[in-house]
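**Q** What follows is each chain in one-letter form.
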Amino acid sequence: EAGVTQSPTHLIKTRGQQVTLRCSPISGHTSVYWYQQALGLGLQFLLWYDEGEERNRGNFPPRFSGRQFPNYSSELNVNALELEDSALYLCASSRIGFNTGELFFGEGSRLTVL
Amino acid sequence: LAKTTQPISMDSYEGQEVNITCSHNNIATNDYITWYQQFPSQGPRFIIQGYKTKVTNEVASLFIPADRKSSTLSLPRVSLSDTAVYYCLVGVGTGANNLFFGTGTRLTVIP
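In the order they appear, the protein sequences are chains A and B. The working numbering puts the last residue of the first sequence at 114; the count rises by one with no breaks. The working numbering puts the last residue of the second sequence at 111; the count rises by one with no breaks.
Derived from the structure by calculation, the hints contain no laboratory data. A quick note: this is a predicted structure, and the numbers were derived from the prediction, not measured. No residue lacks a Cβ here, since even glycine has one placed at the ideal position from N, Cα and C. Honestly, I wouldn't trust all of these hints.
Claimed, not checked - Not close to chain B: a few residues of chain A, all C-beta gaps over 12 Å, as computed:
| hint | residue |
| --- | --- |
| 1 | Pro8 |
| 2 | Lys13 |
| 3 | Cys91 |
Said to hold, decoys possible - In silico negatives: residues of chain B with every beta carbon more than 12 Å from chain A:
| hint | residue |
| --- | --- |
| 4 | Ser12 |
| 5 | Thr34 |
| 6 | Ser41 |
| 7 | Ile110 |
What the hints assert, rightly or not - Pair by pair, the computed Cβ-Cβ distance ranges are:
| hint | chain 1 | residue 1 | chain 2 | residue 2 | range |
| --- | --- | --- | --- | --- | --- |
| 8 | A | Arg15 | B | Ser79 | 27 to 33 Å |
| 9 | A | Gly52 | B | Tyr51 | 27 to 33 Å |
| 10 | A | Leu39 | B | Thr5 | 33 to 39 Å |
Modelling step: build the complete structure from the supplied sequences, incorporating the hints.
**A** This is how it looks when you write it as structure tokens:
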């Protein structure tokens with residue numbers, strides 16, 4: 001069974017640009033979560049999607065947005081990139097909205113903003 | 001909102017048992033406690049989950065006292081490959097904002 005896949009794995013952008021990151025959950029998983037992890041720091045919760053709807057959002061500005069498609073894959077969009085957006089962006093999926101189950105993480109997309 | 005506190009770092013020699021404790025004083029009745037392991041530049045990986053008392057699987061044990069305000073991850077006979085960051089997570093239900101990964105504990109296993 002394929003795990004959570006993310007693309008691209010690495011990318012470099014400049015300040016003010018926009019970026020789209022993609023995530024494909026494990027087959028059968030309907031919930032997708034996005035996290036940001038700056039170098040050497042912990043995971044910061046960004047967004048949670050389930051059944052195509054945004055269920056919850058972390059403490060991030062509106063220029064961080066996303067969506068979930070009918071096939072449960074998801075995109076994370078970041079507009080007007082700032083230097084501090086440089087981080088590893090991790091996507092996770094679970095079978096239903098997080099309850100007692102575990103989150104399955106992808107390998108992440110490393111974004112560098114110059 | 002349940003928030004977790006863990007030691008920032010720990011060192012251990014190969015072959016020793018390592019115990020990492022997590023404090024979660026505001027844990028809610030329905031919250032479960034989950035531990036993840038993360039290697040550099042990789043996504044976290046589920047280790048173990050529990051609600052109360054003791055849970056054991058092939059890689060670790062999780063001890064949870066009756067008041068559930070803390071939990072201890074126990075790694076038996078660690079090896080160099082266990083060097084990683086370990087996160088304690090407390091949460092439940094639809095409130096994904098309750099998904100606090102905290103700072104994590106950086107475990108370094110020494111030869």
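**Q** All hints are to be evaluated individually against the structure, with a verdict given for each.
**A** Hint check:
no., hint, verdict
1, Pro8, "holds (14 Å)"
2, Lys13, "holds (19 Å)"
3, Cys91, "violated (8 Å)"
4, Ser12, "holds (21 Å)"
5, Thr34, "violated (7 Å)"
6, Ser41, "violated (7 Å)"
7, Ile110, "holds (21 Å)"
8, A/Arg15 <-> B/Ser79: 27 to 33 Å, "violated (43 Å)"
9, A/Gly52 <-> B/Tyr51: 27 to 33 Å, "holds (31 Å)"
10, A/Leu39 <-> B/Thr5: 33 to 39 Å, "violated (22 Å)"
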